[in-house]
Amino acid sequence: MDLTFSDQEIEFRDELRGWLDANRPGEEPRGDQDAAFEFRKQWQRSLFEGGWAAVHWPQEYGGRDASLMQSAIFFEEMGKADAPLPANALGLILAGPTIMAWGTEEQKERFLLPILSAEEIWCQGFSEPEAGSDLAAVKTKAVRDGDDWVVTGQKVWTSAAQYSKWCMLVVRTDPDAAKHKGLSYFLMDMEQDAVQVRPLVQITGEAEFNELFIEEARVPKENVLGGEGDGWNVALTTLMNERSGLGFFLQTRLRLLLDRLVEDAKANGRIEDPVVAEALGEMHVRTETLRFLAYRGLSIIEQHGQPGPEGSLTKWLWSETNQMLTQLAVSVCGPAALTEGEAWAHDLLRSRGNTIEGGTTEILKNIVAERVLGLPRK
Amino acid sequence: MRFDFTEDQHEIKRTAKDLLASRSTLEKVREAAEAGEYDAALWKELGELGWPGVAIDEAHGGGGLGYVELAGLLEESGYALLNGPFLATALCAAAISEAGSDGQKDEWLGRLASGEATGAFGLVGQVVPDGASADVVVVADRESGEARLLTGQGSLEGLDSIDPTRRYGIVEGGLPDGEPMPGDVAAAIDLGCVLTSAELVGVCGRALDMTVEYVKDRKQFGRPVGSFQAVQHRCAQMLLSTEGARASTYFAAWAADADRDRLPEAASLAKSAASKAGIEVTASAIQAHGGIGFTWEADVHWFYKRAQLDAAFLGSSAEHNRRLTALVSP
Ligand SMILES: Cc1cc2nc3c(=O)[nH]c(=O)nc-3n(C[C@H](O)[C@H](O)[C@H](O)COP(=O)(O)OP(=O)(O)OC[C@H]3O[C@@H](n4cnc5c(N)ncnc54)[C@H](O)[C@@H]3O)c2cc1C
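Just so you know, the protein sequences line up as chains E and G, in that order.
Our numbering numbers the first residue of the first sequence as 1 and each following residue consecutively.
Our numbering numbers the first residue of the second sequence as 379 and each following residue consecutively.
Derived from the structure by calculation, the hints contain no laboratory data.
Careful, some of the hints might be misleading.
To be verified - Simulated crosslink set (DSSO-like; lysine-lysine; CA at most 27 Å straight-line):
hint, chain 1, residue 1, chain 2, residue 2
1, E, LYS41, E, LYS139
2, G, LYS406, E, LYS378
3, G, LYS391, G, LYS683
4, G, LYS422, E, LYS378
5, G, LYS683, G, LYS594
6, G, LYS406, G, LYS422
Stated by the list, open to error - Computed list of chain G residues with no C-beta within reach of chain E, every gap over 12 Å:
hint, residue
7, LEU420
8, GLY442
9, GLN665
10, ARG701
To be verified - Pulled from the structure, derived: some chain E residues nowhere near chain G, Cβ distances all over 10 Å:
hint, residue
11, THR4
12, ARG64
13, GLY79
14, GLU222
15, ASP230
16, ARG286
17, SER299
18, GLY305
19, LEU364
C-beta: ideal position from N, C-alpha, C; glycine also.
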């Protein structure tokens, strides 16, 4: 057991801190979504120019070949610096690694650099009105027409689609094959009339996500990722990456939020109430436990080459804790936390999405029960 | 960073698990609990193996390893519900190492390390594991930062607790008469929290394993009850609680060895997480076993009872939560 960073890890962290000191992101514009996205795009450009856009990517594609631990440090430092997520987060975390794993040389050559530089924004077109938790039920279909595939169907909850040039699209290419077998994974150009994006307003009043109406959109056959019929396995690669280093970013954000709540409770005196003090302490335990679990998960992958149970537990613990913490803020801060436009009010509402996006908590529990504990399937 | 045991530490833990699986079976635990006494032969053997002294320094006859190794052993003894005064003796040795005078260390550490003497440690006004049967007892007062060393068996009054697998004592009133202790009493209490958390992690691990095994096997409506989602989600929650308590406890054990500045916070994080997990996981184990789980005959209740006593010992989850808030907001 050694819970200190190695010399290389410290060197890496200090280099990053030095860069962050010289390149502060500044204040993210609030209330104007398009301005905020533009701000995050600028931020990614600056990361890109500093060589920090995707430390976990291999050097040959513009990353730093960072170890898992370095990648965790990167996300922790970004969280601590209260830096925004880069605009192309879905490209950096999901599309890039999936293309590296499955792509042809031409595809890697074509797509990776613009992901890194935020020149081309990506979105994830998995969910559909009738295929959410049951992703393999997607109905959006594609039929072959010469060298192209022609795609028709509907996607939903597609985050950042309104800003995206490309979409990771899961479609049904073989209606006769078994459910998981008839799928393919396309890299679809969003800039065509056959793709209509309609923003969906969330409970926060913002519209991070969208509906996609796809009416005979064309995808050239060079833009199939993996082989025809490999869609399910390629999609699993994307989903596995969904729960990677980002967790450390979210954990540090959570810790900042807790520190803010403690400050608020001190300022208004509520911290003197033992019930409040106890509830704040519980959030402290959950937040630090999350951090320990995340680091332990990484160590176990590094030692044994395969993940232990921790990886499936952190997203679940984070999302629940974020909800509990923002709910606690309502009782600690009073009306201010329920006033439109206030940060706590926004955080409270946004937290309800955390146990749904990226796999619902119920689905995560199913996975833990069946794959980690080995309980019999239904 | 390596948030995991080293190969040597894994080996110590594995060997302990194997030994206890054969020498401290649940039938043995039951016999000992019903007879109201410990397995003396097993205790002698553990003493010869150096368990009680694993974290005591070599100059005082110990193994000179650390609290990480000791926590690993305590996790296994919690998993087995070891019938012997191991936790109490380890707590007492840690308290004397931190808070004792040179004379007290010379007099007691070697005998505790070899298992020749047994010890106990606890707080004023609270229940003390093995307090009634130990040869030497340290009683501390968190408020005043004082501690007393009491010698001679029966120096504390016995208490018939709901957990008959262990001999409990109780400290009523204020600090009892005894030898004053000059050292760091707060650190002694924090170490006690870490070591008790380690036992609780083992208790949770066993309750979870027993439950998973049972629900895979037990059939209702023509299929294993472990295929019902309500049961599955309960088990998943048990795993989350157990792994969270484990990660916090390992961090605290490491801080005890390597980063004393963080020990107070780490000890409370661990004790809060482990106490809550202990109570929830063992209660869930009873529920998932159905009627059988509610019988004296089945073994799950021993774990529930141990968890209750351990969770209250040296401060409940709620108390440690309040302490954590006080630490960040003095
Ligand atoms: C903020 C946000 C951003 C998102 N961004 C994207 C995106 O960019 N791209 C994308 O493709 N998708 C995105 N999603 C969609 C998200 O992945 C889905 O909402 C999620 O997978 C759940 O699917 P669903 O909404 O159809 O709910 P359903 O699957 O219909 O679930 C409804 C309820 O039933 C429960 N349930 C379903 N199946 C089971 C089961 N087997 N066992 C137990 N309970 C079950 C669920 O847990 C849930 O409580 C986003 C969602 C949100 C909230």
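Results for each hint:
{"no.": "1", "hint": "E/LYS41 with E/LYS139", "result": "33 Å, violated"}
{"no.": "2", "hint": "G/LYS406 with E/LYS378", "result": "37 Å, violated"}
{"no.": "3", "hint": "G/LYS391 with G/LYS683", "result": "24 Å, holds"}
{"no.": "4", "hint": "G/LYS422 with E/LYS378", "result": "49 Å, violated"}
{"no.": "5", "hint": "G/LYS683 with G/LYS594", "result": "24 Å, holds"}
{"no.": "6", "hint": "G/LYS406 with G/LYS422", "result": "16 Å, holds"}
{"no.": "7", "hint": "LEU420", "result": "28 Å, holds"}
{"no.": "8", "hint": "GLY442", "result": "16 Å, holds"}
{"no.": "9", "hint": "GLN665", "result": "15 Å, holds"}
{"no.": "10", "hint": "ARG701", "result": "7 Å, violated"}
{"no.": "11", "hint": "THR4", "result": "7 Å, violated"}
{"no.": "12", "hint": "ARG64", "result": "18 Å, holds"}
{"no.": "13", "hint": "GLY79", "result": "17 Å, holds"}
{"no.": "14", "hint": "GLU222", "result": "42 Å, holds"}
{"no.": "15", "hint": "ASP230", "result": "30 Å, holds"}
{"no.": "16", "hint": "ARG286", "result": "8 Å, violated"}
{"no.": "17", "hint": "SER299", "result": "4 Å, violated"}
{"no.": "18", "hint": "GLY305", "result": "13 Å, holds"}
{"no.": "19", "hint": "LEU364", "result": "8 Å, violated"}
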